[in-house]
Amino acid sequence: MSRTDRIRRLATLIRKEVYQIVRDPSSILITLVLPVVLLFLFGYAVSLDTTRTHIGLVIEDMTPVTQDLAASFQASAYFDVTYGRDRRQFEEDLVLGRVRGIVIIPATFAADFAADRNPSLQVIVDGSEPNNANFVQNYTQGTVANWAALRRSESTAKAPPITVEQRFWFNPELTSRFFLVPGSIAIVMTLVGTLLTSLVIAREWERGTMEAVMATPVTATELLIGKIVPYFLLGLAAMTLCVLLAVFVFDVPFRGSVFALYALCATFLIPALGQGLLISAATKNQFLASQLALMSAFLPAFLLSGFLFEIDSMPTAIQWITMIVPSRYLIPSLQTVFLAGDIWPMFGQAIAVMLLMGAILFVLAARNIRKRIV
Amino acid sequence: MADTPTHVESSKVESSRPDFIRLAEVTKRFGATPPALDKVSGIIRGGEITGLVGPDGAGKTTLIRLMTGLMVPEEGSLMVLGFDTVRQAAEIQAAIGYMPQRFGLYEDLTIQENLNLYADLRGLPKSERPAVFEELLTFTDLKRFTARLAGKLSGGMKQKLGLACALLKKPRLLLLDEPGVGVDPISRRELWKMVEDLTKEGIGVVWSTAYLDEAEACDRVLLLNQGKLLFAGEPADLTSRVDGRVFRLSGTEGRRRQVLAQVLNRDGVIDGVIQGDAIRLVMKAGTDANLAVPKDAGADVKVEPTPPRFEDAFVDMLGGGPGGRSRLADAARALPQEGDRPVIEAHGLTKRFGDFTASDKITFDIPRGQIFGLLGPNGAGKSTTFKMLCGLLKPTEGEGRVAGFDLRRDGAEARNRLGYMAQKFSLYGDLSVAQNLDFFAGVYGLSGQRRRERISLMTDIFDFKARADMSAKDLPLGLKQRLALACAVMHEPQVLFLDEPTSGVDPITRREFWTHINGLVEKGVTVLVTTHFMDEAEYCDRISLIYRGRSIALGSPDELKAKVATSENPDPTMEDAFIALVEASESEERAAA
Numbered sequence: 427m428s429r430t431d432r433i434r435r436l437a438t439l440i441r442k443e444v445y446q447i448v449r450d451p452s453s454i455l456i457t458l459v460l461p462v463v464l465l466f467l468f469g470y471a472v473s474l475d476t477t478r479t480h481i482g483l484v485i486e487d488m489t490p491v492t493q494d495l496a497a498s499f500q501a502s503a504y505f506d507v508t509y510g511r512d513r514r515q516f517e518e519d520l521v522l523g524r525v526r527g528i529v530i531i532p533a534t535f536a537a538d539f540a541a542d543r544n545p546s547l548q549v550i551v552d553g554s555e556p557n558n559a560n561f562v563q564n565y566t567q568g569t570v571a572n573w574a575a576l577r578r579s580e581s582t583a584k585a586p587p588i589t590v591e592q593r594f595w596f597n598p599e600l601t602s603r604f605f606l607v608p609g610s611i612a613i614v615m616t617l618v619g620t621l622l623t624s625l626v627i628a629r630e631w632e633r634g635t636m637e638a639v640m641a642t643p644v645t646a647t648e649l650l651i652g653k654i655v656p657y658f659l660l661g662l663a664a665m666t667l668c669v670l671l672a673v674f675v676f677d678v679p680f681r682g683s684v685f686a687l688y689a690l691c692a693t694f695l696i697p698a699l700g701q702g703l704l705i706s707a708a709t710k711n712q713f714l715a716s717q718l719a720l721m722s723a724f725l726p727a728f729l730l731s732g733f734l735f736e737i738d739s740m741p742t743a744i745q746w747i748t749m750i751v752p753s754r755y756l757i758p759s760l761q762t763v764f765l766a767g768d769i770w771p772m773f774g775q776a777i778a779v780m781l782l783m784g785a786i787l788f789v790l791a792a793r794n795i796r797k798r799i800v
Numbered sequence: 005m006a007d008t009p010t011h012v013e014s015s016k017v018e019s020s021r022p023d024f025i026r027l028a029e030v031t032k033r034f035g036a037t038p039p040a041l042d043k044v045s046g047i048i049r050g051g052e053i054t055g056l057v058g059p060d061g062a063g064k065t066t067l068i069r070l071m072t073g074l075m076v077p078e079e080g081s082l083m084v085l086g087f088d089t090v091r092q093a094a095e096i097q098a099a100i101g102y103m104p105q106r107f108g109l110y111e112d113l114t115i116q117e118n119l120n121l122y123a124d125l126r127g128l129p130k131s132e133r134p135a136v137f138e139e140l141l142t143f144t145d146l147k148r149f150t151a152r153l154a155g156k157l158s159g160g161m162k163q164k165l166g167l168a169c170a171l172l173k174k175p176r177l178l179l180l181d182e183p184g185v186g187v188d189p190i191s192r193r194e195l196w197k198m199v200e201d202l203t204k205e206g207i208g209v210v211w212s213t214a215y216l217d218e219a220e221a222c223d224r225v226l227l228l229n230q231g232k233l234l235f236a237g238e239p240a241d242l243t244s245r246v247d248g249r250v251f252r253l254s255g256t257e258g259r260r261r262q263v264l265a266q267v268l269n270r271d272g273v274i275d276g277v278i279q280g281d282a283i284r285l286v287m288k289a290g291t292d293a294n295l296a297v298p299k300d301a302g303a304d305v306k307v308e309p310t311p312p313r314f315e316d317a318f319v320d321m322l323g324g325g326p327g328g329r330s331r332l333a334d335a336a337r338a339l340p341q342e343g344d345r346p347v348i349e350a351h352g353l354t355k356r357f358g359d360f361t362a363s364d365k366i367t368f369d370i371p372r373g374q375i376f377g378l379l380g381p382n383g384a385g386k387s388t389t390f391k392m393l394c395g396l397l398k399p400t401e402g403e404g405r406v407a408g409f410d411l412r413r414d415g416a417e418a419r420n421r422l423g424y425m426a427q428k429f430s431l432y433g434d435l436s437v438a439q440n441l442d443f444f445a446g447v448y449g450l451s452g453q454r455r456r457e458r459i460s461l462m463t464d465i466f467d468f469k470a471r472a473d474m475s476a477k478d479l480p481l482g483l484k485q486r487l488a489l490a491c492a493v494m495h496e497p498q499v500l501f502l503d504e505p506t507s508g509v510d511p512i513t514r515r516e517f518w519t520h521i522n523g524l525v526e527k528g529v530t531v532l533v534t535t536h537f538m539d540e541a542e543y544c545d546r547i548s549l550i551y552r553g554r555s556i557a558l559g560s561p562d563e564l565k566a567k568v569a570t571s572e573n574p575d576p577t578m579e580d581a582f583i584a585l586v587e588a589s590e591s592e593e594r595a596a597a
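Chains as they are written, first to last, in the numbering used here: chain A, 427 to 800; chain B, 5 to 597.
Bound-form chain A, shown alone (with noise of 0.2 Å):
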């Protein structure tokens, strides 16, 4: 066979599988309406960040310290304060929901203040939502600490206190769209690299094509790359989107490099290309190939990679586990590529990691990829 040829079939197969890509409503849908309603979805509708939360606010002495606690809870940023005069206000309140927590200053905090008795206050939260009863609790102490300093020196006029003045680099405004935007381009390349690739190979087992095409005299070779660089290039352009909306339509920063953006994607696509490249060998069902490439590329890019659960806060035997997941390479460092800029170091390493991870799967696939049937 001359080179000729070869490079002839290989640009027929790649054109074949364009024009495939263009008519099927299946993959325009997986790799241009999908990116779009995740990024939508994770740009605004899911927030992990803490609103103002509802509380309810009983004061039972009104005195001018207890008042002047209560207007530092108005003030306070995290919270939507309801007032009464007897916690019973508030009991149904809470099981339905209605508020998170209950915040109760006793008629003695007034006196206890005065005499320096360390005064209390009592929390009442849901402890069925850990999360909000944390919030509660936490920012209560908060904000009473900081009344008790800020009254303190008031009153004394003493040398200002100590505070602590926390400052969040490349996200001060902690807005979860940032960090959750860039991470979902990493899902949209799971999607297209594995899902799609595992499923259109299985479709050319199960409707024929790829038992016609085996018989002619097309490589294996020219066969597997034939699937992989338009997958690849269908990978790209789908981060491309995500990219364009998230910095166009979701105001996120993009401080880094556009060269390191594209290398690290196509970095990732490796081994998620192999990834659906070893599924489409081991199975040649595309109802099997897509369960498989949920269960074993979706879902591990979404639970398992720090997209939404940070890995830190994992049990350890997890933690070993994402350490195969290829999405937990790639998301922190696009999310440095957005908020903090080229940090090349930390970039290496995923890169290299990832590379040694495609290189892998691609082995298995293609020692499992063979002209035969069975």
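Calculated from the structure, these hints are not laboratory results.
Here the structure is a predicted model, which is why all the values come from computation and not from measurement.
A virtual CB, placed ideally from N, CA and C, is assigned to each residue, including glycine.
Check before you lean on any hint, since a few could be wrong.
What the hints assert, rightly or not - Computed spacing ranges between beta-carbons, pair by pair:
1) A:ASN711 / B:PRO326: 29 to 39 Å
2) A:ILE454 / B:PRO371: 52 to 62 Å
3) A:ASP431 / B:ARG176: 14 to 24 Å
4) A:MET772 / B:PHE443: 54 to 64 Å
5) A:SER428 / B:ASP217: 44 to 54 Å
6) A:ILE454 / B:ASN573: 48 to 58 Å
We have chain A already, so just place chain B on it with the hints.
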């Protein structure tokens, strides 16, 4: 080679034909099941059509895939065009044309794009393309449709395009895996003619088929059954084994089913099937066919010799067909005639999907105890009509009744009275035999004592005991077919709907199946069959030919055949009748337009 004088001439030509494929003791296994191919040896030559013949599961597809080098045998070897399939698959793939089942076309690509793709893959030089495309598109009559997507073509057009793609770089050997399945008989005949023309240029053709009438037309056949090679040679050599032993028994005055049941139990009868109004018999050598005729068969009974066919010989080779007694029918209660209303009525049944009319004013009725057939190619509208009569699809116009129930209003009542068996045997593959029986007894509303009785009766009649715990999907084809029938008749339905019940099954299993159906019909069960399989039509009392949504002819098989008989073809087959009637209806349409 051939030893009869009539073959002298052809054998002279044959000797000059080169061996294209040599099979030596080829064995292929999948898992622990009996081998898919068991020590198959044989030769396939250039310049002729070799039929790879056998029922589903015989090993035809496996053998063709082995020839392409896409599979490797466990034992034995295949030499294709002088190359070994295991070591030299690439050389083979560069020289053959292969059309797998379902034709291997990209449905999202147009006809022209499919041709371009395969031209590139096969390395057809650019300079030769215009001429080759022109020739193939003319040859297949697809020139007008080059911009149409392959997914939007009819079965016949897909098949021709599949052939065109396989022929792009003039292969020396053309491998066709069941090219005739699901395609209308006119396209099937056209394809056959095209392939015959190719053999004149020296191309070798392998044509696999489960249809024994196709086998008859091949130059040579390899007959496979359950992975074993039964026969290799000219079809005439096989049929010659039953020369002078095949008879046609006619004049039974509409009692042909009863007569057949008796005849099959007589000594000396190897095989017997219904053929229109008559019975076809194969006798043991040296037995007088007249002795097989029961005394009460009627005064007008005539027994005449008739030319043997491939199927007669195949059954003879397999040791003869089953007896005529159906234990299923024996156990069935006789259904009395209730009034004089037909059991199934279709009046102007029409179904439109958008601007496409899937079935157009279909009208017929079936009296109690008759078999009625809807005969037509895939996509003609049989299934749509069938679904309307099951109450699964609402007709756009017209009405249908089953056992007196209007399907629009009492669909569920009507369905309770019918048993349904689908082409690919509507069983649950992952359930065991016993679980399938239990499940179907349950969905048909049998309970308690009656449920236990019916299940044990079915287990006994069809001999399921030994395999009660096997998964349905692992059963041999013949047993699957029996299990599907058992499930469909579990609730003693008055009406049976059969969707291509015996297409592709081996002739023995088919006979056994029809023995049961014939017996049930004698007890008063009414049967509606849909099929594209011409042989199944012969069992019907009356058939309606469905073509492009319309019924183009209705009558008994013999009436339809008589309609098209000419002086050149005084004894047409069902397929001849179908083709002639379709052509007549088309020219009528043209005249009207």
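Status of the hints after comparison with the structure:
Between ASN711 (chain A) and PRO326 (chain B) the Cβ separation comes to about 37 Å, which falls inside the hinted range of 29 to 39 Å. The hinted range of 52 to 62 Å is satisfied by ILE454 (chain A) and PRO371 (chain B), whose Cβ atoms lie roughly 54 Å apart. The given range of 14 to 24 Å is respected by ASP431 (chain A) and ARG176 (chain B), whose C-beta atoms sit roughly 19 Å from each other. Distance hint check: the CB atoms of MET772 (chain A) and PHE443 (chain B) are about 59 Å apart, consistent with the given range 54 to 64 Å.
Between SER428 (chain A) and ASP217 (chain B) the beta carbon distance is about 46 Å. The supplied range of 44 to 54 Å therefore holds. Between ILE454 (chain A) and ASN573 (chain B) the CB atoms are about 54 Å apart, so this pair conforms to the stated range of 48 to 58 Å.
Hint compliance for this structure: no hint is broken.
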